[in-house]
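Chemist: Sequence:
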Amino acid sequence: MVKWEYALLVRRRVGEGRRLDLTYIWYGPDGSRRDVSAFGDTAIAHLNRVGAEGWELVSAAEDINNQESTFEVHRYHLKRPLP
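Residue 86 in my numbering sits at position 53 of the sequence shown, with consecutive numbering throughout.
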């Protein structure tokens, strides 16, 4: 039987006026939390990076919390087989 470990990549976009801050946070299977924004400015760049490490995208979800779309959260749930 295959055993899995899971992780979460969260993309947050917060804006006020014309300023938008975009961050990517990696929640590892060990409970760690790491800002990985420096590794790319698109979700595809991050998914390709972790895909090369054996992670597979399981699901994605998006929350937009207001009409002006000044706050968005995208969650990418990933899994990979345990070694």
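The hints are simulated quantities; they were obtained by calculation from the structure and are not laboratory data. Just to be clear, a hint being listed does not mean it is correct.
Pairwise CB distance ranges, derived in the manner of DEER restraints [stated by the list, open to error]:
{"no.": "1", "residue 1": "F104", "residue 2": "W37", "range": "14 to 22 Å"}
{"no.": "2", "residue 1": "R52", "residue 2": "P116", "range": "41 to 49 Å"}
{"no.": "3", "residue 1": "A78", "residue 2": "R113", "range": "16 to 24 Å"}
{"no.": "4", "residue 1": "E89", "residue 2": "R67", "range": "18 to 26 Å"}
In the EDC-like style, the derived pairs of lysine to aspartate or glutamate whose C-alpha atoms are separated by at most 16 Å in a straight line are [claimed, not checked]:
{"no.": "5", "residue 1": "K112", "residue 2": "E86"}
{"no.": "6", "residue 1": "K36", "residue 2": "D68"}
{"no.": "7", "residue 1": "K36", "residue 2": "E89"}
{"no.": "8", "residue 1": "K112", "residue 2": "D54"}
{"no.": "9", "residue 1": "K112", "residue 2": "D63"}
None of the values given here were measured: they were computed from a predicted structure. We put the beta carbon where it would ideally sit given N, CA and C, even for glycine.
Chemist: Take the hints in turn and mark each one as holding or not.
Modeler: Here is what the structure says about each hint:
no. : hint                   : in the structure
1   : F104 x W37: 14 to 22 Å : 31 Å, violated
2   : R52 x P116: 41 to 49 Å : 43 Å, holds
3   : A78 x R113: 16 to 24 Å : 19 Å, holds
4   : E89 x R67: 18 to 26 Å  : 20 Å, holds
5   : K112 x E86             : 11 Å, holds
6   : K36 x D68              : 27 Å, violated
7   : K36 x E89              : 14 Å, holds
8   : K112 x D54             : 27 Å, violated
9   : K112 x D63             : 13 Å, holds
Checked against the numbered hints given earlier, the structure breaks hints 1, 6, 8 and satisfies all the rest.
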